[in-house]
Amino acid sequence: MAAPPQSIRRRATVAALSPLLDEEALMEVLWLQHETQRGDQVSDLIAFVDAVARRHLFDGATVKKLYGELFRLQREPEDRLPFDPWPLMQAMRAQPTVPGAAPAAPAARAPAAAPVPVAPVIAPVAAAFAAARAAEVAATPLPAEPPVLFGALMCSLVAEVYQFHREALDEVRAEALGRLDAVELSAPLRQQYRTGWGRALQHDWQLPASADELARLVWLVHGALVDAFGAAGAQQILSRAMAAAEALPEATRFDPRGLLAVLGSGRR
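Using our numbering, the letters of the sequence shown correspond one by one to residues 182 to 449.
If a hint is listed, it holds; no wrong ones were tucked in.
Distance condition first, Cα-Cα at most 20 Å in a straight line; then the derived DMTMM-like pairs of lysine to aspartate or glutamate:
(1) K246 - D225
(2) K245 - D231
(3) K246 - D221
(4) K245 - D221
(5) K246 - D203
(6) K245 - D225
(7) K246 - D231
Derived from the structure by calculation, the hints contain no laboratory data.
Whenever a hint applies, use it, and build me the whole structure from the sequences.
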(Lines of atoms letter the chains of each structure in order from A and count residues from 1; the text may use other names and numbers.)
(Lines give C-alpha, C1' and ligand atoms only; values in the text may rest on other atoms or scores of the structure.)
Protein backbone atom coordinates (compact mmCIF):
# COMPACT_ATOMS: atom_id res chain seq x y z
CA MET A 1 0.00 0.00 0.00
CA ALA A 2 1.31 3.43 -0.94
CA ALA A 3 2.41 5.72 1.87
CA PRO A 4 0.25 8.80 2.62
CA PRO A 5 1.27 12.01 0.80
CA GLN A 6 2.29 13.63 4.10
CA SER A 7 4.75 10.79 4.75
CA ILE A 8 6.26 11.11 1.26
CA ARG A 9 6.64 14.88 1.76
CA ARG A 10 8.43 14.40 5.08
CA ARG A 11 10.76 11.73 3.68
CA ALA A 12 11.60 13.85 0.64
CA THR A 13 12.35 16.81 2.90
CA VAL A 14 14.74 14.71 5.00
CA ALA A 15 16.59 13.64 1.84
CA ALA A 16 16.81 17.17 0.43
CA LEU A 17 17.63 19.14 3.58
CA SER A 18 19.76 16.75 5.65
CA PRO A 19 22.95 17.94 3.89
CA LEU A 20 22.07 21.57 4.69
CA LEU A 21 20.71 21.52 8.26
CA ASP A 22 21.63 19.92 11.56
CA GLU A 23 19.15 17.51 13.15
CA GLU A 24 17.44 20.05 15.40
CA ALA A 25 16.95 22.56 12.59
CA LEU A 26 15.71 19.77 10.31
CA MET A 27 13.09 18.73 12.86
CA GLU A 28 11.88 22.34 13.13
CA VAL A 29 11.58 22.53 9.34
CA LEU A 30 9.63 19.25 9.27
CA TRP A 31 7.16 20.66 11.79
CA LEU A 32 6.89 23.83 9.71
CA GLN A 33 6.04 21.67 6.70
CA HIS A 34 3.54 19.62 8.71
CA GLU A 35 1.75 22.73 9.92
CA THR A 36 1.78 24.80 6.72
CA GLN A 37 2.05 22.65 3.56
CA ARG A 38 -1.36 21.32 2.62
CA GLY A 39 -0.78 19.97 -0.87
CA ASP A 40 1.72 18.77 -3.46
CA GLN A 41 1.19 21.41 -6.10
CA VAL A 42 4.21 23.35 -7.32
CA SER A 43 2.89 26.46 -5.58
CA ASP A 44 2.74 24.57 -2.24
CA LEU A 45 6.31 23.36 -2.66
CA ILE A 46 7.61 26.81 -3.61
CA ALA A 47 5.92 28.44 -0.61
CA PHE A 48 7.46 25.86 1.75
CA VAL A 49 10.97 26.22 0.30
CA ASP A 50 10.71 30.01 0.44
CA ALA A 51 9.71 29.85 4.11
CA VAL A 52 12.66 27.58 4.91
CA ALA A 53 15.01 29.85 2.95
CA ARG A 54 13.89 32.90 4.93
CA ARG A 55 14.52 31.10 8.22
CA HIS A 56 17.95 29.79 7.29
CA LEU A 57 19.13 32.52 4.88
CA PHE A 58 19.68 30.23 1.91
CA ASP A 59 21.08 31.93 -1.18
CA GLY A 60 19.25 32.04 -4.49
CA ALA A 61 21.18 29.15 -6.04
CA THR A 62 20.38 26.88 -3.08
CA VAL A 63 16.70 27.82 -3.19
CA LYS A 64 16.49 27.10 -6.91
CA LYS A 65 18.19 23.74 -6.41
CA LEU A 66 15.79 22.85 -3.58
CA TYR A 67 12.76 23.56 -5.79
CA GLY A 68 13.91 20.93 -8.29
CA GLU A 69 15.26 18.49 -5.71
CA LEU A 70 12.09 18.37 -3.62
CA PHE A 71 9.87 18.13 -6.71
CA ARG A 72 11.94 15.16 -7.93
CA LEU A 73 12.18 13.42 -4.54
CA GLN A 74 8.43 13.59 -3.93
CA ARG A 75 8.02 11.49 -7.07
CA GLU A 76 10.77 8.96 -6.32
CA PRO A 77 9.88 5.32 -5.56
CA GLU A 78 9.30 4.93 -1.83
CA ASP A 79 12.17 2.48 -1.38
CA ARG A 80 14.64 5.18 -2.46
CA LEU A 81 13.56 7.62 0.24
CA PRO A 82 14.79 7.75 3.85
CA PHE A 83 12.69 6.63 6.79
CA ASP A 84 9.63 8.65 7.82
CA PRO A 85 10.73 11.02 10.63
CA TRP A 86 7.21 11.33 12.08
CA PRO A 87 7.93 9.28 15.27
CA LEU A 88 11.03 11.39 15.93
CA MET A 89 9.08 14.60 15.35
CA GLN A 90 6.50 13.51 17.93
CA ALA A 91 9.20 12.48 20.37
CA MET A 92 10.86 15.86 20.03
CA ARG A 93 7.61 17.72 20.81
CA ALA A 94 6.92 15.37 23.73
CA GLN A 95 10.26 15.88 25.50
CA PRO A 96 9.37 17.03 29.03
CA THR A 97 10.93 20.06 30.62
CA VAL A 98 12.81 19.10 33.76
CA PRO A 99 11.65 21.33 36.64
CA GLY A 100 14.20 22.96 38.90
CA ALA A 101 14.99 20.89 41.97
CA ALA A 102 13.85 22.17 45.35
CA PRO A 103 16.66 23.29 47.65
CA ALA A 104 17.85 20.37 49.75
CA ALA A 105 18.37 20.56 53.49
CA PRO A 106 21.99 21.09 54.53
CA ALA A 107 23.78 17.78 54.86
CA ALA A 108 26.64 16.83 57.10
CA ARG A 109 30.04 17.37 55.54
CA ALA A 110 31.52 14.20 54.08
CA PRO A 111 35.09 13.48 53.00
CA ALA A 112 35.79 14.75 49.50
CA ALA A 113 35.38 11.99 46.92
CA ALA A 114 37.50 11.51 43.86
CA PRO A 115 35.96 13.22 40.81
CA VAL A 116 33.85 10.92 38.65
CA PRO A 117 34.34 11.18 34.86
CA VAL A 118 31.29 12.74 33.23
CA ALA A 119 29.88 10.95 30.21
CA PRO A 120 29.52 13.14 27.12
CA VAL A 121 26.05 14.57 26.57
CA ILE A 122 24.47 13.46 23.28
CA ALA A 123 21.69 15.56 21.82
CA PRO A 124 18.51 13.44 22.05
CA VAL A 125 17.36 14.34 18.53
CA ALA A 126 20.73 13.45 17.01
CA ALA A 127 20.83 10.20 18.97
CA ALA A 128 17.33 9.29 17.85
CA PHE A 129 18.17 9.99 14.21
CA ALA A 130 21.34 7.91 14.43
CA ALA A 131 19.53 5.00 16.07
CA ALA A 132 16.68 5.07 13.57
CA ARG A 133 19.03 5.21 10.59
CA ALA A 134 21.10 2.33 11.96
CA ALA A 135 17.97 0.26 12.56
CA GLU A 136 16.70 1.02 9.06
CA VAL A 137 19.96 -0.08 7.46
CA ALA A 138 20.11 -3.23 9.58
CA ALA A 139 16.50 -4.16 8.81
CA THR A 140 16.60 -3.55 5.06
CA PRO A 141 18.58 -6.11 3.04
CA LEU A 142 20.38 -4.68 0.04
CA PRO A 143 18.97 -5.69 -3.36
CA ALA A 144 21.22 -8.22 -5.10
CA GLU A 145 20.94 -6.78 -8.61
CA PRO A 146 22.80 -3.43 -8.35
CA PRO A 147 26.12 -4.98 -7.16
CA VAL A 148 26.00 -7.59 -9.96
CA LEU A 149 25.28 -4.96 -12.61
CA PHE A 150 27.91 -2.61 -11.22
CA GLY A 151 30.37 -5.50 -11.34
CA ALA A 152 29.61 -6.17 -15.00
CA LEU A 153 29.96 -2.49 -15.85
CA MET A 154 33.30 -2.15 -14.07
CA CYS A 155 34.75 -5.40 -15.45
CA SER A 156 33.88 -4.35 -19.00
CA LEU A 157 35.24 -0.85 -18.50
CA VAL A 158 38.53 -1.96 -16.93
CA ALA A 159 39.05 -4.67 -19.56
CA GLU A 160 38.51 -2.22 -22.44
CA VAL A 161 40.91 0.34 -21.02
CA TYR A 162 43.53 -2.36 -20.46
CA GLN A 163 43.09 -3.91 -23.92
CA PHE A 164 43.18 -0.75 -26.01
CA HIS A 165 44.84 1.85 -23.78
CA ARG A 166 46.96 -0.25 -21.46
CA GLU A 167 49.22 2.61 -20.45
CA ALA A 168 46.18 4.67 -19.38
CA LEU A 169 44.85 2.17 -16.82
CA ASP A 170 47.19 3.44 -14.11
CA GLU A 171 46.07 6.99 -14.83
CA VAL A 172 42.39 6.02 -14.59
CA ARG A 173 43.07 4.16 -11.34
CA ALA A 174 44.87 7.15 -9.82
CA GLU A 175 42.14 9.59 -10.84
CA ALA A 176 39.34 7.31 -9.64
CA LEU A 177 40.99 6.95 -6.23
CA GLY A 178 42.02 10.60 -6.05
CA ARG A 179 38.38 11.69 -6.28
CA LEU A 180 37.24 9.38 -3.49
CA ASP A 181 36.92 12.08 -0.85
CA ALA A 182 34.49 13.99 -3.07
CA VAL A 183 31.61 11.57 -2.43
CA GLU A 184 29.80 10.28 0.64
CA LEU A 185 30.36 6.55 1.11
CA SER A 186 30.41 4.15 4.03
CA ALA A 187 33.87 3.34 5.37
CA PRO A 188 33.68 -0.38 4.41
CA LEU A 189 32.63 0.44 0.84
CA ARG A 190 35.38 3.04 0.54
CA GLN A 191 37.95 0.42 1.54
CA GLN A 192 36.50 -2.25 -0.77
CA TYR A 193 36.65 0.21 -3.65
CA ARG A 194 40.32 0.94 -2.92
CA THR A 195 41.06 -2.78 -2.70
CA GLY A 196 39.30 -3.39 -6.00
CA TRP A 197 41.56 -0.99 -7.85
CA GLY A 198 44.57 -2.84 -6.42
CA ARG A 199 43.57 -5.88 -8.50
CA ALA A 200 41.30 -4.23 -11.04
CA LEU A 201 41.61 -6.87 -13.78
CA GLN A 202 41.00 -9.84 -11.48
CA HIS A 203 38.30 -8.28 -9.28
CA ASP A 204 34.62 -9.12 -9.86
CA TRP A 205 33.67 -5.60 -8.66
CA GLN A 206 30.43 -6.85 -7.08
CA LEU A 207 30.62 -4.46 -4.13
CA PRO A 208 27.87 -4.92 -1.50
CA ALA A 209 26.24 -1.50 -1.51
CA SER A 210 23.04 0.31 -2.38
CA ALA A 211 22.32 1.49 -5.91
CA ASP A 212 22.78 5.08 -4.74
CA GLU A 213 26.28 4.43 -3.38
CA LEU A 214 27.25 2.47 -6.48
CA ALA A 215 26.01 5.35 -8.65
CA ARG A 216 28.43 7.62 -6.79
CA LEU A 217 31.25 5.23 -7.65
CA VAL A 218 30.21 5.33 -11.31
CA TRP A 219 30.43 9.13 -11.08
CA LEU A 220 34.00 8.77 -9.77
CA VAL A 221 35.03 6.43 -12.55
CA HIS A 222 33.37 8.56 -15.23
CA GLY A 223 35.35 11.59 -14.04
CA ALA A 224 38.57 9.57 -14.23
CA LEU A 225 37.71 8.48 -17.79
CA VAL A 226 37.00 12.06 -18.83
CA ASP A 227 40.41 13.13 -17.54
CA ALA A 228 42.11 10.30 -19.42
CA PHE A 229 40.15 10.21 -22.70
CA GLY A 230 38.05 13.36 -22.88
CA ALA A 231 34.26 13.59 -22.55
CA ALA A 232 33.49 11.85 -25.86
CA GLY A 233 35.90 8.97 -25.25
CA ALA A 234 34.65 8.51 -21.69
CA GLN A 235 31.04 8.39 -22.88
CA GLN A 236 31.86 5.72 -25.48
CA ILE A 237 33.65 3.51 -22.94
CA LEU A 238 30.87 3.93 -20.39
CA SER A 239 28.16 3.21 -22.99
CA ARG A 240 29.80 -0.08 -23.95
CA ALA A 241 30.19 -1.01 -20.29
CA MET A 242 26.52 -0.20 -19.70
CA ALA A 243 25.57 -2.46 -22.62
CA ALA A 244 27.44 -5.32 -20.91
CA ALA A 245 25.42 -4.74 -17.73
CA GLU A 246 22.13 -4.50 -19.65
CA ALA A 247 22.78 -7.93 -21.18
CA LEU A 248 22.57 -9.65 -17.77
CA PRO A 249 19.34 -11.25 -16.47
CA GLU A 250 19.51 -8.97 -13.41
CA ALA A 251 18.84 -6.03 -15.73
CA THR A 252 15.21 -7.19 -16.05
CA ARG A 253 14.73 -6.58 -12.31
CA PHE A 254 16.81 -3.42 -11.91
CA ASP A 255 17.53 -0.93 -14.68
CA PRO A 256 21.33 -0.59 -14.88
CA ARG A 257 20.89 3.02 -15.96
CA GLY A 258 19.93 3.71 -12.38
CA LEU A 259 23.68 3.52 -11.76
CA LEU A 260 24.02 6.69 -13.85
CA ALA A 261 21.70 8.66 -11.56
CA VAL A 262 24.45 10.79 -10.05
CA LEU A 263 25.85 11.61 -13.50
CA GLY A 264 22.46 12.91 -14.56
CA SER A 265 21.61 14.87 -11.44
CA GLY A 266 24.98 16.33 -10.46
CA ARG A 267 24.44 15.36 -6.81
CA ARG A 268 27.05 13.37 -4.89
